[in-house]
Structures are given as C-alpha cells and as structure tokens.
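Asks: Below are the chains, spelled out letter by letter.
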Amino acid sequence: MILGFCLSFALALTTSASAAEIAVSERGHASNPAWSPNGDFLAFEVNDYAGSVSLYVVKVSNGSPVGQPSKASIPGQSSSFGNGGSVASNTAWHPDNLAIFEGSAAGGSSRLYFLSPGGAAPAQLLTTAQINGDLSWPEISPDGMKIAFVSDTSGDGDIYIWDRASNAVTPAVQSPYSEMAPAYSKSGRLVYSRKNQGGQDLFTWEGSGKPVALVGGNGDQTRPIWVDDTVVFFSNERGEDHWDVVSSTGPGQKRTIARDVRLPVRSSPAISADGRWVAFASSDPELGGYVYFVSTDGTRSAKYQTNLVAAGEPAIIQAGGRTFLAFTALPGEGANWRQLHIEDVTNIVN
Amino acid sequence: MRSLIRLSPIVVLVAPAVALAGEKEEAEHTRLSEEMSRLASRNAWRGVENSYQKMLALERKGVVLTYTDHFLAAQAASALGDVTVTHARASRARDATSDAGERQEAEAWVGQIESSYGPVALKVPPKYAESVSFEIATMPFNPEHRAVYQAAQARLLAGESYEGLLPLGSYSFGTETFDISANSDFNAPLRVAFDPGGSVQADTLIAYVGPRLDLGGALSSAGDPASTNEPAGFWGAGLRAGLGAEVGLRGGVGVLVEVGYHSLASAEEGDLAGVVVTDTGLTAGEALGVVNSDTALRAGYSWLAATWRPVPAVSIAAGPVYSIGSGSAQGTGDGLASYDSYNAEIRAGGVSGGLTWITPAAVGPVAVGVSALGGAQSDTSRWYTWGQLALTITPVGRDG
Chain A
1 MILGFCLSFA
11 LALTTSASAA
21 EIAVSERGHA
31 SNPAWSPNGD
41 FLAFEVNDYA
51 GSVSLYVVKV
61 SNGSPVGQPS
71 KASIPGQSSS
81 FGNGGSVASN
91 TAWHPDNLAI
101 FEGSAAGGSS
111 RLYFLSPGGA
121 APAQLLTTAQ
131 INGDLSWPEI
141 SPDGMKIAFV
151 SDTSGDGDIY
161 IWDRASNAVT
171 PAVQSPYSEM
181 APAYSKSGRL
191 VYSRKNQGGQ
201 DLFTWEGSGK
211 PVALVGGNGD
221 QTRPIWVDDT
231 VVFFSNERGE
241 DHWDVVSSTG
251 PGQKRTIARD
261 VRLPVRSSPA
271 ISADGRWVAF
281 ASSDPELGGY
291 VYFVSTDGTR
301 SAKYQTNLVA
311 AGEPAIIQAG
321 GRTFLAFTAL
331 PGEGANWRQL
341 HIEDVTNIVN
Chain B
1 MRSLIRLSPI
11 VVLVAPAVAL
21 AGEKEEAEHT
31 RLSEEMSRLA
41 SRNAWRGVEN
51 SYQKMLALER
61 KGVVLTYTDH
71 FLAAQAASAL
81 GDVTVTHARA
91 SRARDATSDA
101 GERQEAEAWV
111 GQIESSYGPV
121 ALKVPPKYAE
131 SVSFEIATMP
141 FNPEHRAVYQ
151 AAQARLLAGE
161 SYEGLLPLGS
171 YSFGTETFDI
181 SANSDFNAPL
191 RVAFDPGGSV
201 QADTLIAYVG
211 PRLDLGGALS
221 SAGDPASTNE
231 PAGFWGAGLR
241 AGLGAEVGLR
251 GGVGVLVEVG
261 YHSLASAEEG
271 DLAGVVVTDT
281 GLTAGEALGV
291 VNSDTALRAG
301 YSWLAATWRP
311 VPAVSIAAGP
321 VYSIGSGSAQ
331 GTGDGLASYD
341 SYNAEIRAGG
351 VSGGLTWITP
361 AAVGPVAVGV
371 SALGGAQSDT
381 SRWYTWGQLA
391 LTITPVGRDG
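Keeping their order, the protein sequence lines are chains A and B.
Counting from 1, one number per residue, gives the positions in the first sequence under this note's numbering.
Counting from 1, one number per residue, gives the positions in the second sequence under this note's numbering.
Straight-line C-alpha distance at most 20 Å; calculated SDA-like pairs for lysine to any residue:
#1 A/Lys146 - B/Met139
#2 A/Lys146 - B/Thr138
#3 A/Lys146 - B/Gln150
#4 A/Lys186 - A/Asn97
#5 A/Lys146 - B/Asn142
#6 A/Lys146 - B/Pro143
The set of hints was computed from the structure by calculation and includes no laboratory data.
The task is simple: from the sequences and hints, build the whole structure.
Replies: Right under this line is the structure:
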C-alpha cells in the first residue's frame, strides 16, 4: 500500500495525543464533522445505519467541548407517517454562524433547514413555493449571500441558487444528468460533480454561461473543494476501492496528493482554512490509527496518532491561533460505534 | 300604578324576544365554534378565518368569544401568513382564559412572536408614493420572516403606509435606517415617516399643505325676496373661481381658505320686462321706458372650510362663506307700476361645501381633482343658492 503523501516528504512529523471525546447517548456512528467558520461550534451526525441520521451541534472552546451536544430536531421529525427515520445531515456553515443542512422527517421530502446554535429549533430555509423537490448539498458563497444547492424537482439533480438579497431561487446548472456537491471558490465560481453513465466528472461554472468540463476519467471524480484556484477532490479512477485525493489546476489537469484514503461519508477533502493542508485517513486498516496531513503543494506531510481505531472523517479549523482537528474513530477493536474527537494539531501542521 | 299595568303587556311581549335573540346568538356561536374546530382539524384555515369573522360580528352583539376561538383564529392567521394578526389574536387568547395551561400556551406563542418581530408604523406621504425605497439589511433565513418583510415591502413600494410587525433586523426607509430589536414595546410601535430627502422623522402634526384652486361653471339662483319692492328671483349660469390654501393634519382632517370670484349672468329680463301688456304690443319695459340692464351678479367671496379625507381619493369640505358684490335686475313684486331697473350692492353670508374626487394625477406636491360644490347664502332679504362643477387643484396627501 502506497500513500500519496509518501511522494514528496520534506518533513514528516508524528504526534500522538489523547483527543477530547464528544459522546452522545444516541446509538450510531459519528460522522461528517463540520466546523463553524470561527471554530466556536462543531456540527456532526450520528447515523444508526437503520435509516435515521441525527445532527448534533456542540460548542467548542479552545479545542474542548462546552456542555453537551444539542440535537437538531427538525419539525415533524416524530411524525408517524412513513416507515423510515428522520435525516438531518450534510451541514454547511454560513458566515453568520448558522448551520444549513439537509433534513427530512420520516417519510418526508429532503429540504434545507437552518439552525442557529443555542437558538430556536431548525426551520426550513426555502418554501416549496420557491423550489420544489428534494433539496440537498447546500453550499454557501463566501460572502454568505448565495446558497447553492441541488434539487431534483426537474427529475434529475440540478443546481439552483438562492439569492439572499432578493429571496429569489434561480436555476444555475441544469442538464439531463445529476449534478451534485457544488462548491464555491472565493471569487464565486462553482465546481461540482456531474454523474453520467460513466461515473462522476467535475465541471466548473462561472456564474453565467455554460459549464466547463474540468476533469473526467474512469470512476468518479467527486466532492470537489477549492483551494484558491485549485480544485481538490476525491477520485477512484484507479479502481472502485481505491480513493485518492487529487488536485486540478485547470481542465484536464490532475495531480494525486494522497492515495488510498478512507472516503468520508459525505464530506469533501478536509482542507485547513489557510489552504495549506489537506487531512485524511487511510483505507488501510493497519494505518487506521492515524490521521494524515499533506500540504496541498505536496511538499510536506505529517501524521497524528490517535491511539484509536479506524480513524476517519477529518475536519480542520484554525481558531484563536490554533489548529484543531475533528475526526471520528472507534474507541477500540470490536467497538460498535465511532465517536467524535477533537485534537489540537497546531504543532503538527504549523 | 296604572301606567305600569298598561306597560306590563309590552314588557311581557318584549322580554322573551330579547332572551330569544341572545340564545340565537349563543347558539350560532356554538355552531361556529364547532365548525371552526372541524375546519382547523383539516387545516382549512381560510374556512377558520371566515368562521372567526362571523364570530367577531357576534361579539359585537355581546357574545363572549373563548380562548379556543381566538387561538384557532390565531393559527389561521399564522397559516395565512399574517403575523401581525396572529400576534393580536394570540394575545386575545391569552387574555381570554384563566386556565393556566392555556394561558401559558398562548403566552409562549406571543413571546415567540415578540422575540422575532417588532411593531412599526411606517408612513408614506402620497407625494412620495412613487419614490419609496425600503430594504432590510440582511434577508432573514426564516421563510416566514422573509414573507412578512416582503409583504410589508410590497405595500410600502405601492405607496401605502404599513402598520404591523417586521422581523428583527436593520432597515433602510428612504435615507434613514432603523433597527427592530427583540422584545420591543408592542404598545409603542416605532413610527417613521418616509422622506426621500433623508429627514425621516417622527410623525408631525401637519400631514400636507399646499395651494387650493377651484375653477368651473356654476348655476346660481337668487331667490324671491322677502319684500315686494325688490326685484323678483332670477337664476343663471356663471363662473366661480377660487384660489387659496389647504392644510391637512394627521388623521385626514384639515382646513382650507379660499377667496374668489362668482358671477351669474341671466337671460331673464325681469319677471314683467318681456310681457306684452299694452295694446300697442309693447312690453312692460318698453312701455315704461325702462332701459334693461343685465340680470347679473358679480361678487367676490371668501370661504373657510373644514376638510376631511377619509380615503386618499376623496376630500369633503364644508364651512362658512361670505360674498360681497353687486347685482342688477329688473322688476319688482309690486307689478307693472313699479317696474324698474335695479342695481344694488349685495353682502351675503352662508355655508358652502362639497365633495372632491382627487385623481391619481399629480404634479409635484399638488393633485388634480374634480369637485361638486354648492352653497346657500343670504343677505337677509333673499337666499342665493348655487352649485358648481369644478376643476380642483389640491395638495397631495391624506394623513401624512
């Protein structure tokens, strides 16, 4: 097994520590941690793999949880209609410290909700009069004035944009294929993946005009995220069970940053706020006790030893001059559920 | 005692009728309450609203509405997107019950609204109706809040004033900004009047002020005199033109002052002037050698009137009027013997008033209207009455 970060080591650090654990009583795998922009809050999901996904938000201070995580209870969650459980997932944080996420009550449509930590219960962001269908993949523009998302109202997933100033929802990218995972650049460009018969490919959209193909190839190129003008994404071009972290600086351009990484449940590659680092875990069970860091230019790498099992789902935030890593892991071999942890990794990645 | 005995049959007849009426209203209230509950269980909120409106009519007849009535009505208002009415009804529900649980439920709802909204009274003077700007600094995420804001915005941009709730936030109204913060005093809405010049200010007493012009033809009549040694009554058409000023206060009331000119020119030559009374075929005037003068009135007038604009397009005015002028006529009530031509000074006081339809057409601060005016004045000898259809220029505005 070769890890991509072994390609160019200028510096390799290994640090171990005992991370703060954030436990909830609900049974399920903790997954998809997402930091608020200022690092004051951390949203994460608990998935029981029986149809229910719960969203929790915990306040964090200096890398430590403050109080118990609060569960986001979407309206109608306890509805007796339908057979499935409710789902609240895929959080995107607004600059105003609001969590925007997908939610669906049991048997209901998936809609976008917003939640102010410590405030009122979640409420729907958009009415069905504004946009119908199942809504997913919320993505917020850097200035917080636009929210891109996917709706299946036309039959296939298309990207729409809610303009906060005008309260108007307009179609952005529509095609006979399914668009998903839109991501804004600092300048307002969108990158997204389009699923066609041959897998997922990446396209960019400037805000008007036709989308431009960025990268394609075998397998899926998916969950893109911008690092300045570079797009970083997951690719399994080498085979269905081989996920790599890849970057692209333009159409047709690809460079593998890390190989055989553990694919997160929903999130894009974990990038530090300054864009210097990408964090990931290995798909190799033997290396499951580590979270790895590779500089996005490929010149540096480091790893953090969790002293846990099957680490994954990393998310990085820089707050108060420190860099904090959130990740999930099993507490030990044979444990049932993955737990969420926070660790100060300032000394590793700075 | 006798009178009581006489009245007793009437009392006997009336008393059951009153009781019966109360029972009917209470029965109707019961029916409406049941209907409202059924409709609410089906989320048929427009039906609930209709039932509540009927209940309000019963309330005016003395029926006491219940917590449930107000609470379901509040739910209907909420479902129909009117948070201002929702708040009012939830408050009434809270005040209508002594049950602690119900009161807590309503109070929680009221508190929730008051923590998310604040009351405002935003006024748009009609003269600025075309130029209103109203924006919230950041659009709320909550769709209900957005809907309330956008409904208020639509109303203001249409040139209408808005009194109700707005979601928390910072707003710009013209060049002025104001903030709606949580837990505002709901008994003291934030009052702001729109002014594109940036002088947004609290309400002023003066809602509008400007020139007033009434110009048009008038039909006038000089009635028969009280004494017989004056010219008989006559009538005719003429011009009535007045120019003045009008000022309006909050609430639509105002006052106008006007001075002008009123004329009457008649084809009549007097009651006997044209009558052939001699064998020679001469008319009375010819026979008597009277040189006919015009049958006419020419007068200046001053008018002071109170005005009321119940709606922006209608103005009602009424007040005292006084005229000074001259009149000329021929003949008297004494018959042929005293036939002569008369010229006299007239001083007549009375009342004038009318109705003005103010059209949407406006030039700057003044609007164009059409008035139907009339008056009745007396010089103690006779009544002068008149009616006028006039083109009117009046200040734009209703209640500021």
